[in-house]
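Starting from the given sequences, assemble the full structure and let the hints guide the process.
Order-wise, the sequence lines are chains A and B.
Going by full-length UniProt numbering, the letters in the first sequence line up with residues 1 to 331, in that order.
Going by full-length UniProt numbering, the letters in the second sequence line up with residues 1 to 331, in that order.
Calculated directly from the structure, the hints in this document are not laboratory data.
You may find that some hints are simply not true.
As the list claims (entries may be wrong) - Derived EDC-like pairs: lysine to aspartate or glutamate, alpha-carbon spacing no greater than 16 Å straight-line:
no., chain 1, residue 1, chain 2, residue 2
1, A, 97, B, 101
2, A, 190, A, 206
3, B, 143, A, 136
4, B, 168, A, 285
5, A, 168, B, 328
6, A, 257, A, 280
7, B, 168, A, 252
8, A, 134, A, 252
9, A, 7, A, 78
10, B, 211, B, 136
11, A, 305, A, 206
12, A, 97, B, 112
13, B, 190, B, 328
14, B, 97, A, 252
15, A, 168, A, 78
16, A, 97, B, 66
17, A, 305, A, 265
18, A, 143, B, 136
19, B, 97, A, 285
Stated by the list, open to error - Partial chain B-side listing against chain A, Cβ under 7 Å, derived:
no., residue
20, 51
21, 100
22, 108
23, 154
24, 268
25, 269
26, 272
None of the values given here were measured: they were computed from a predicted structure.
Ideal Cβ positions, reconstructed from N, Cα and C, are used throughout, including at glycine.
2 protein chains.
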Amino acid sequence: MTDYRDKRVLITGGIGFIGSSLARALVAQGARVTLVDSLIPTYGGNLQNIADIRDRVTVNVCDVRDRFAIEYLLRDQDFLFNLAGQTSHMDSMSDPKTDLDINAAAQLSILEACRTVNPGIRIVFASTRQIYGKPDYLPVDEKHPIRPVDVNGINKLAGEWYHLLYAKVYGIRACVLRLTNTYGPGMRVKDARQTFLGIWIRQLIEGQPIKVFGDGTQLRDFNYVDDCVDAMLIAGVAPQANGQVYNLGSDEVVNLKDLAQMMVELVPGRSFEIVPFPPERKAIDIGDYYSDFSLARTELGWSPKIDLQEGLRRSLAYYREHGQHYWDAQP
Amino acid sequence: MTDYRDKRVLITGGIGFIGSSLARALVAQGARVTLVDSLIPTYGGNLQNIADIRDRVTVNVCDVRDRFAIEYLLRDQDFLFNLAGQTSHMDSMSDPKTDLDINAAAQLSILEACRTVNPGIRIVFASTRQIYGKPDYLPVDEKHPIRPVDVNGINKLAGEWYHLLYAKVYGIRACVLRLTNTYGPGMRVKDARQTFLGIWIRQLIEGQPIKVFGDGTQLRDFNYVDDCVDAMLIAGVAPQANGQVYNLGSDEVVNLKDLAQMMVELVPGRSFEIVPFPPERKAIDIGDYYSDFSLARTELGWSPKIDLQEGLRRSLAYYREHGQHYWDAQP
Chain A
1 MTDYRDKRVL
11 ITGGIGFIGS
21 SLARALVAQG
31 ARVTLVDSLI
41 PTYGGNLQNI
51 ADIRDRVTVN
61 VCDVRDRFAI
71 EYLLRDQDFL
81 FNLAGQTSHM
91 DSMSDPKTDL
101 DINAAAQLSI
111 LEACRTVNPG
121 IRIVFASTRQ
131 IYGKPDYLPV
141 DEKHPIRPVD
151 VNGINKLAGE
161 WYHLLYAKVY
171 GIRACVLRLT
181 NTYGPGMRVK
191 DARQTFLGIW
201 IRQLIEGQPI
211 KVFGDGTQLR
221 DFNYVDDCVD
231 AMLIAGVAPQ
241 ANGQVYNLGS
251 DEVVNLKDLA
261 QMMVELVPGR
271 SFEIVPFPPE
281 RKAIDIGDYY
291 SDFSLARTEL
301 GWSPKIDLQE
311 GLRRSLAYYR
321 EHGQHYWDAQ
331 P
Chain B
1 MTDYRDKRVL
11 ITGGIGFIGS
21 SLARALVAQG
31 ARVTLVDSLI
41 PTYGGNLQNI
51 ADIRDRVTVN
61 VCDVRDRFAI
71 EYLLRDQDFL
81 FNLAGQTSHM
91 DSMSDPKTDL
101 DINAAAQLSI
111 LEACRTVNPG
121 IRIVFASTRQ
131 IYGKPDYLPV
141 DEKHPIRPVD
151 VNGINKLAGE
161 WYHLLYAKVY
171 GIRACVLRLT
181 NTYGPGMRVK
191 DARQTFLGIW
201 IRQLIEGQPI
211 KVFGDGTQLR
221 DFNYVDDCVD
231 AMLIAGVAPQ
241 ANGQVYNLGS
251 DEVVNLKDLA
261 QMMVELVPGR
271 SFEIVPFPPE
281 RKAIDIGDYY
291 SDFSLARTEL
301 GWSPKIDLQE
311 GLRRSLAYYR
321 EHGQHYWDAQ
331 P
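Structure below.
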């Protein structure tokens, strides 16, 4: 795919986990990439994520809440991959206003900026399967009722709908991808703020037992980050994606106990243990979840290529080599 | 009903159309009522609405965005009827940030205040049928997909969901009523910012022809304000309402042309005309809409009592007598 050669591309959250992988793919295609990231220490930005492409991208450190900076940066861009967000469900409950400012208010000001200074831009917005809440049925397709279980889910949904509304009312070419659990090199492993898989990887490497919450029977699907990036690249240039919402997902559905087993088998001498849910996690647990991503498959021609074992192997290899930049690092 | 005798009740938007009618009903029951209103001139607050109860309520002029004032006012209240909102769909598109601040951010700070200083309060939140968007089927029940057609709808929905989330996660006793077109004494008649019925009433009284947009075949349901107030009073004390969403509505479904005909027949010598949609209204028009309110009927024992002809007659009588305080008045 060379759709992005010489194209100007802005990535919010660009030094984060998925944003940096996307940047790497875009640089490889010859795009002119600008990364926006707030580098808030508890969020996903980590300069190690872009160590290998640092001299081939433009880095602009600022927050998406910085309205005028963002408006300036959006001028003349061909594409916006809008990935910046507050992703911690716990933080959204303890500090709901910050979550609202980043996940809803800043999204609205980004769209207003596009409408006024760059209405020809194409936007891919990263949303989350969290907005479906506890599923009524499985797999969960895009028509499943929306039922956010935390402040984060409500605000992400508002952010998503602003994009769809600006597509519908103003003709801004925006689409929404609802990501499932994404993992791979660059994910936050210091804590469970992005994905529990980060913690598990770290525990594996550090020789601690993996902790599985609940009874281990919860079903999940996972996307390796390169597959998620592929979906974004396809969606960015697909005219049929304008104004649409697509689930990402995987046919490889696994329960957490089997996942833990698969992971400990990758590192000799490791083990996992089943522990009760911490109460604050139990309150927002959604039980089983996996996506129906047949719309993305049919309309975008996307499906994930990297299976779980291969993805986990690559992730482990990455953190074995670069872990010291992630365990306790500042961004 | 005397459930509210000596109870402390806060009404946001309390000098507005529905808030003031609710205040009147509560005062009649012996409640100790405090009205919060921003008195923003383009919004619904009008002191004429409370002229008859001015000495039996406490008026506190402030904006729901005034976080600390609201937190102070919420202390020691038994009930919150949370009616303040930016209601103009046009304004939400031209000034989306203000709409977000009032309809979403302020709602979140109100709930945070309740959680921290008054978790025992009972809350009724006034939402809107607008969040359903263009209906997939009629009548529209609470399970109908959510599909906001403007920034206002997205933000109202976020505000609504914060209430349901705080009910679920923190046990705050909050419920949501999704109002349909509400009309009656106290509605804004200066312009169409609250309801086109306000403009129609004014045109009738001033001797101008009523203007029906589109082809006049759009179906709607309407609630006279006293019926809407009844629903709120019931929901406020119904334990089964906690964490629930209820549509309001009416069995009397009418198309706009027949409604115009009914109205011109109430005032000798008047007429109506069918005119094309202004383009900015057409973009967000939702076609036919009427509610299935059987959940409110079954669970709350509520149904509307005042038919359209009687409600319109009372409204006309009110504005014939008090219209001069509404046509061009400051709040």
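Going through the hints against the structure:
| no. | hint | verdict |
| --- | --- | --- |
| 1 | A:97 <-> B:101 | holds, 11 Å |
| 2 | A:190 <-> A:206 | holds, 12 Å |
| 3 | B:143 <-> A:136 | holds, 13 Å |
| 4 | B:168 <-> A:285 | holds, 13 Å |
| 5 | A:168 <-> B:328 | violated, 35 Å |
| 6 | A:257 <-> A:280 | violated, 21 Å |
| 7 | B:168 <-> A:252 | violated, 32 Å |
| 8 | A:134 <-> A:252 | violated, 20 Å |
| 9 | A:7 <-> A:78 | holds, 6 Å |
| 10 | B:211 <-> B:136 | violated, 27 Å |
| 11 | A:305 <-> A:206 | violated, 29 Å |
| 12 | A:97 <-> B:112 | holds, 10 Å |
| 13 | B:190 <-> B:328 | holds, 6 Å |
| 14 | B:97 <-> A:252 | violated, 42 Å |
| 15 | A:168 <-> A:78 | violated, 19 Å |
| 16 | A:97 <-> B:66 | holds, 14 Å |
| 17 | A:305 <-> A:265 | violated, 22 Å |
| 18 | A:143 <-> B:136 | holds, 13 Å |
| 19 | B:97 <-> A:285 | violated, 32 Å |
| 20 | 51 | violated, 37 Å |
| 21 | 100 | holds, 6 Å |
| 22 | 108 | holds, 5 Å |
| 23 | 154 | holds, 5 Å |
| 24 | 268 | violated, 42 Å |
| 25 | 269 | violated, 40 Å |
| 26 | 272 | violated, 29 Å |
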